[in-house]
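With chain W's structure known, arrange chain F on it following the hints.
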Amino acid sequence: MTDPIFFEHLRELAKQQKSPVAAPGQPGSIKKQEGFFRRSMTISLIGHGAFLFFFVVGPMIASLLGVSMDYSDRFEKKELKNAIRVDLVGLPSLTLEQLQDVDPTLDVGAPPPDETKAAEEAAAASETAKQIVLEESQKAEQKAKADAAADAKKKSDDAQKKKLADLRASLRVEQRRKELASELKAGTGEGREALSGNILSQGYSITGDVAEDADIFRGHLQAHIRKVWNVPGWMNASNLSARVLMKIGPTGKLLSVGFIKKSGNEEFDRYVAQAARDAEPYPPPPSTLQRQLMEQGLEWGFPQ
Amino acid sequence: MGVPTMKHKFLATGLSLFVVVSTAFAQETATTGAAAVTEASDPNRIYIPVGDPNLKKVLISIEPTTGGGTLANSFYATLTADLEFTDFFELLPPSKMPVAKGGLVAGSFRFEPYRAMGVEFLIKSGVSMNAGKPQAELRLYDVARGVQILGRLYPLVGTVKDPGRELAHYSGNDVIESLTGEPGIFRTRILMSCGLKKKEIYVMDFDGQNITQLTRDGNFALSPSWAPDGKRLLFTSYREWGTKGALNPNLYLYDMSLHQRSVLSAAKGLNTGGSFHPTQNKIAYTFSQNGKPEIYILDLGSKTRYPITKTMFFSVEPDWSPSGSQVVFSSSKTGRPHIWVANADGSNAKRLTFAGEYNSSPNWSPKGDRIVFSGQENRGNNFNIFMIDPSGSNLVRLTSDSHSNENPTFSPDGRFLAYSSNENGSYQIKVTTARGGRNKTLSPKSLGPCKQPAWSPRL
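The listed protein sequences derive, respectively, from chains W and F.
Quick note on numbering: the first sequence equals residues 1 to 304 in the working numbering.
Quick note on numbering: the second sequence equals residues 305 to 763 in the working numbering.
Bound conformation, chain W alone (with noise of 0.2 Å):
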């Protein structure tokens, strides 16, 4: 309250008050007040001189150093850090039993590993075919899958995948012509048979479409097993999880049913069965996937 520096201050104010100052009309202060005006004015120019030279030249000097002044992406924020405001957040809408009810979407994951058809009709080939056509299409599509998934990454997730099949398609039917070509040369009947058999039919029909059908049917069968895939409500499933191989026929009939993976909880591992038998019949699979599904089957994991 009583701070001898703050009524030094004061006294000194007085003081100031009290020397004798120009009146206004005198000619001494006429001349004293201009003087005050240029001086005024002087600092006043050269302010905003630096203020445009801060604002305006500054950053064009230094665009053209190619020095960035644009800083407002970092006060941006680290303002938005401060300022975000938790409390605006709302309490979740739906009950846990709401969240359970709704359809889960139906992802299904990474796109499809590889449709493998090349490796499927080349086991019905003969055994030189089948080498070839593996190794090469192996070859063939791994580099193609390079290529694509390089270029795929920033187009969205539906244009990768087709792009990938596309390219995947038209590299194995390139494949099965040269094949071809080669196998009449060599005009083994065998192998002639089994790529006019196979391949040749198989392999003109291999488009894009196939992925999109794998895709569908995947969804198709997951929502299926969902139905049916029950633990009892006691059981703490979060930590299990196992991993099943089936084989599924034409009409949907389970034709094998085995475990990879088994969780390491019998009541677990015994639930998991009952869902793959209690999913029976399964939904057909369509045509260009019926004997992927019959010789080398699907795996499920359950959950993941």
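Just so you know, the hints here were simulated from the structure itself, not pulled from any lab data.
Some clues are possibly wrong.
Said to hold, decoys possible - List time: in silico DSSO-like cross-link candidates among lysine-lysine, alpha-carbon distance up to 27 Å:
| id | chain 1 | residue 1 | chain 2 | residue 2 |
| --- | --- | --- | --- | --- |
| 1 | F | LYS360 | W | LYS227 |
| 2 | F | LYS535 | F | LYS596 |
| 3 | W | LYS262 | F | LYS654 |
| 4 | F | LYS572 | F | LYS614 |
| 5 | W | LYS227 | F | LYS400 |
| 6 | W | LYS262 | F | LYS614 |
Relative to chain W, chain F alone:
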């Protein structure tokens, strides 16, 4: 109470004439339909992740209890109600049960008719008198595998009002343990504060039966909570303070077996919301020195208290983590009341909730993995029940009602929640599963509005 509280206790007394617990799970895999691990994974195959399983109710057939009389009726009715309470089971209606042939023992009946109906578990039970004392026998069978997974004789010790109910609770707890690995909660009780103009502390069984009034203070008796021993409780009661006759909320400790109370904290201001430390002889509670409520620790041995919070407005409703190393409470530290967690000494205070207008009455789950609380979305809204991890993640909603649901409290197995709800006009105690969903009302309207339920430990 009637029956010995520990399994090993009655084993030791030799009262178990035959204990036929079959822990030998048969190696039978024929019924599973899936062979052993034979196949290898192949990245070229079509792969489908199924996603998380649905939680389904298991079909169980509880055969009528043999032995006849009120004992059998009471046993059967209680066992059925207990198992139905859990929400784990779908009970096969008696009219659909296969005609009972044979006795309780495996081999004297056939599993096939049950299998054909999709029954997964079968319970057979009987009651009898042994030297003038009631006893019950219960056997639980896994129908698919055709094996007994529980078989035990339950003798009644002492006298109770309803021996059939008592014996059914014991055997029901064992059935749940056999299936889930953790005993049931059929012998737990719930404290509550009831009354319209004057509130008193009451206690009832987990299913709303056997309501007993504990206090007759004639004013406001509030915020009851259990000591870890299940025999004592803390509560707050408005009692006269000083000579002026003003009422002051004091904190009391009540011994249920001795029916005696002692004052723990009666300083002027709030002395409320007591919570026993799980292992040490101390409590956390709300005390308002200079009119500002803060969380205090009261050492019951040395009778000293010290604050662990320092807030602008208030910090209230403390509840210990199961280990006793942390406290959860609601605090207006940052303006609106939110849920906070701090170490036992108040250090490391961390805000858990950021959403909502008013979050209060947190309760820590018995396993320590979840915290349940009541939250108000917007000013003037009703309250609903939410759950969050102690880390502050996984906030989920459990109720979505236009009425208020408040003061949630976990059952000792963490599977159920009791809370107060004004769905039917005035507040009543309700129970639901810790996943939300179906609820049932426990306290009758005749008690007046009931709030602040507190679920006991296993008794």
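Tested hints:
This hinted pair checks out: LYS360(F) and LYS227(W) have alpha carbons roughly 11 Å apart, not beyond 27 Å. As the CA atoms of LYS535(F) and LYS596(F) are separated by approximately 32 Å, the hinted pair breaks the 27 Å bound. As the CA atoms of LYS262(W) and LYS654(F) are separated by approximately 41 Å, the hinted pair breaks the 27 Å bound. Taking the CA atoms of LYS572(F) and LYS614(F), the gap is near 19 Å; set against the 27 Å cutoff, the hint holds.
For the hint linking LYS227(W) to LYS400(F), the alpha-carbon distance of about 25 Å falls within 27 Å, and the restraint holds. With a CA separation close to 53 Å, the supplied pair LYS262(W) and LYS614(F) exceeds the 27 Å bound.
When the structure is compared with the earlier hints, violations turn up for hints 2, 3, 6 and for no others.
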